[in-house]
Amino acid sequence: MKVEQISVFLENRTGRLSDVTKTLEQNDINIRALSLADTSDFGILRLIVSDNEKAKNSLKEAGFTVGRTTVVPVEVQDHPGGLHKILEILSASGINVEYMYAFVQQSGQNAVLIFRFDRTDQAIELLQNNDVKVLRGEELYYI
Amino acid sequence: MIYDVEQETLPREDLENQQLKKLKTVVERVYHNVPYYRNKFDELGLKPEHIKRLSDVKYLPFTEKQDLRNNYPFGLFAVPKENVVRIHASSGTTGKSTVVGYTNRDIRHWAELMARSFMACGVTRRDTIHNAYGYGLFTGGLGVHYGAEQLGGTIIPISGGGTQRQVTLLHDFKPSVLCCTPSYALYLYDVAQSKGIPFQELNLHTGIFGAEPWTEQMRSEIESKLDIKAMDIFGLSEIMGPGISIECATAQNGLHIWEDHFLVEVIDPETHEPLPPGETGELVITTLTKEAQPLLRYRTKDLTSLTTVPCSCGRTHARMQKVTGRSDDMLIIRGINVFPSQIESILLETEGLSPHYQLILRREASMDTLEIQVEVDENIFSDEIKQLQKVEQKLKSSIKDYLGITADVKLVEQKGIARFEGKAQRILDYRFEDSSG
Numbered sequence: 001m002k003v004e005q006i007s008v009f010l011e012n013r014t015g016r017l018s019d020v021t022k023t024l025e026q027n028d029i030n031i032r033a034l035s036l037a038d039t040s041d042f043g044i045l046r047l048i049v050s051d052n053e054k055a056k057n058s059l060k061e062a063g064f065t066v067g068r069t070t071v072v073p074v075e076v077q078d079h080p081g082g083l084h085k086i087l088e089i090l091s092a093s094g095i096n097v098e099y100m101y102a103f104v105q106q107s108g109q110n111a112v113l114i115f116r117f118d119r120t121d122q123a124i125e126l127l128q129n130n131d132v133k134v135l136r137g138e139e140l141y142y143i
Numbered sequence: 001m002i003y004d005v006e007q008e009t010l011p012r013e014d015l016e017n018q019q020l021k022k023l024k025t026v027v028e029r030v031y032h033n034v035p036y037y038r039n040k041f042d043e044l045g046l047k048p049e050h051i052k053r054l055s056d057v058k059y060l061p062f063t064e065k066q067d068l069r070n071n072y073p074f075g076l077f078a079v080p081k082e083n084v085v086r087i088h089a090s091s092g093t094t095g096k097s098t099v100v101g102y103t104n105r106d107i108r109h110w111a112e113l114m115a116r117s118f119m120a121c122g123v124t125r126r127d128t129i130h131n132a133y134g135y136g137l138f139t140g141g142l143g144v145h146y147g148a149e150q151l152g153g154t155i156i157p158i159s160g161g162g163t164q165r166q167v168t169l170l171h172d173f174k175p176s177v178l179c180c181t182p183s184y185a186l187y188l189y190d191v192a193q194s195k196g197i198p199f200q201e202l203n204l205h206t207g208i209f210g211a212e213p214w215t216e217q218m219r220s221e222i223e224s225k226l227d228i229k230a231m232d233i234f235g236l237s238e239i240m241g242p243g244i245s246i247e248c249a250t251a252q253n254g255l256h257i258w259e260d261h262f263l264v265e266v267i268d269p270e271t272h273e274p275l276p277p278g279e280t281g282e283l284v285i286t287t288l289t290k291e292a293q294p295l296l297r298y299r300t301k302d303l304t305s306l307t308t309v310p311c312s313c314g315r316t317h318a319r320m321q322k323v324t325g326r327s328d329d330m331l332i333i334r335g336i337n338v339f340p341s342q343i344e345s346i347l348l349e350t351e352g353l354s355p356h357y358q359l360i361l362r363r364e365a366s367m368d369t370l371e372i373q374v375e376v377d378e379n380i381f382s383d384e385i386k387q388l389q390k391v392e393q394k395l396k397s398s399i400k401d402y403l404g405i406t407a408d409v410k411l412v413e414q415k416g417i418a419r420f421e422g423k424a425q426r427i428l429d430y431r432f433e434d435s436s437g
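These protein sequence lines map, in sequence, to chains A and B.
Heads up, the first sequence is in my numbering, so the first residue is 1 and it goes up one at a time.
Heads up, the second sequence is in my numbering, so the first residue is 1 and it goes up one at a time.
Everything labelled a hint here was simulated from the structure, so no lab data went into it.
Check each hint, because a few of them may be wrong.
Okay, derived cross-link-like pairs now, DSS-like style, lysine-lysine, Cα gap no bigger than 27 Å in a straight line [as the list claims (entries may be wrong)]:
no.: 1; chain 1: A; residue 1: Lys56; chain 2: B; residue 2: Lys390
no.: 2; chain 1: A; residue 1: Lys60; chain 2: B; residue 2: Lys386
no.: 3; chain 1: B; residue 1: Lys58; chain 2: B; residue 2: Lys40
no.: 4; chain 1: B; residue 1: Lys301; chain 2: B; residue 2: Lys410
no.: 5; chain 1: B; residue 1: Lys58; chain 2: A; residue 2: Lys22
no.: 6; chain 1: B; residue 1: Lys52; chain 2: B; residue 2: Lys40
no.: 7; chain 1: B; residue 1: Lys415; chain 2: A; residue 2: Lys56
no.: 8; chain 1: A; residue 1: Lys56; chain 2: B; residue 2: Lys396
no.: 9; chain 1: A; residue 1: Lys54; chain 2: B; residue 2: Lys415
no.: 10; chain 1: B; residue 1: Lys386; chain 2: B; residue 2: Lys396
no.: 11; chain 1: A; residue 1: Lys60; chain 2: B; residue 2: Lys390
no.: 12; chain 1: A; residue 1: Lys60; chain 2: B; residue 2: Lys40
no.: 13; chain 1: B; residue 1: Lys322; chain 2: A; residue 2: Lys2
no.: 14; chain 1: B; residue 1: Lys96; chain 2: B; residue 2: Lys386
no.: 15; chain 1: A; residue 1: Lys60; chain 2: B; residue 2: Lys415
no.: 16; chain 1: A; residue 1: Lys56; chain 2: B; residue 2: Lys386
no.: 17; chain 1: B; residue 1: Lys400; chain 2: B; residue 2: Lys390
Hey, can you work out the whole structure from these sequences and the hints?
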């Protein structure tokens, strides 16, 4: 129900992002989803990858500061109002979304949203009670 | 123009006799009144009567800034507390400031030495002195203030800050003398320019600048832009404040040290051996007349050299060269003394912050800026931007609280901070790299 996301601290410098992707490539790690948040000085790259442990270790070896966080992948129907329905449920219960990002599955039927909540367990319970499909890790990594 | 002709032009032999007499007295006083010094003497097996000649000063123990901190706040006072009429202090982290006390007589001496200093720079009782040094615990503001009153000049106690208003008063009150840090003088110039007030139309003829290191290039820049004579004044709060030494307008070649109040030496900072005149080393000062808090052989960490070659102005007091640097890593940022170790301890107190940092000093629009780059390690790293920004803010406000300076805090990648020969280069000072400042 929860999946692990790795995050990487990056200075806003040319080539730093490609240093990350190079390391992942060299270690044969596939990126399932990503998002980059940035300020004028630094950025945080968030990644869902095929092998967290390996990704984390290889990035650390390459000198990056790496963190791990628990996020919640949710499947949403890929049509207007799909996301809105989920946000309404969360907002009605006062659960805060710290950040989120999305990607579309290869089949093209559904979108997957990656949520970072302030209260992860309550959020999962709430979503499941409202018949929202929360994905398991392996479903996400090997879609 | 000499304020105290008798003292300032005393033949060196008489001056040195006076110094020896005063040195014996001060040694006697600290031995009997300051337990810290008494213990030091006892450890060394030294008695006051062992000091027979001026050169015997080399047997006395050194005093360092840390000794003042260890005796915080009043442990080095040599008089009962009721005789202390004023306290000054310099900044420190977590409340450990360097404290200095003054008796009534100390304050009077200080005012006299400042009056001597003013007159040495060509300032007289007919002058109006715009004093933009900060008033308060910092010695700059009040030191200049009392000296100007002692001289009989007109003082404008505007203190630091409020630059727009400073410029207005420079224009309206027509002061003839400006006292502030050299970098602030250039900043005043920039602000006046932007207000359409040319400095040439002001009434200023002399600026007395100190409290931070400045180069000859900066002096030329100030003199040509502000159309004034720029004089260097030296002082440090531990010894007294501004007015320990000053350039004379006649020769403008080195700063006369008021040797009837201070016994000076230059030592090798490594071996602690006294160096002969002309050689550059660390300036060491023994106070000869201070009552409240006399200090023996205080290590200023300022690098300079001494000369007793007679000066064309007629003063016999030795001259020190403009301070060229420091033997420790103290930084002077906008007139405030900052040690990298202070910043390091603030970092460590700011929860989770890595001790890997770099300080970058620049001079922008004539003002010193400090950027602190801190490495982000796994302890503080978060996947949320706002958490990292919170860390930046917290550090910024701690620096402001403890040190009184505003710093830019920048989070950087680990090991992004260049290390040289296995040792981190903590400080990058770009302030004196070009003459335009």
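Against the structure, the hints:
no. : hint                : result
1   : A:Lys56 / B:Lys390  : 25 Å, holds
2   : A:Lys60 / B:Lys386  : 23 Å, holds
3   : B:Lys58 / B:Lys40   : 14 Å, holds
4   : B:Lys301 / B:Lys410 : 30 Å, violated
5   : B:Lys58 / A:Lys22   : 64 Å, violated
6   : B:Lys52 / B:Lys40   : 19 Å, holds
7   : B:Lys415 / A:Lys56  : 18 Å, holds
8   : A:Lys56 / B:Lys396  : 31 Å, violated
9   : A:Lys54 / B:Lys415  : 22 Å, holds
10  : B:Lys386 / B:Lys396 : 15 Å, holds
11  : A:Lys60 / B:Lys390  : 24 Å, holds
12  : A:Lys60 / B:Lys40   : 52 Å, violated
13  : B:Lys322 / A:Lys2   : 67 Å, violated
14  : B:Lys96 / B:Lys386  : 33 Å, violated
15  : A:Lys60 / B:Lys415  : 12 Å, holds
16  : A:Lys56 / B:Lys386  : 23 Å, holds
17  : B:Lys400 / B:Lys390 : 15 Å, holds
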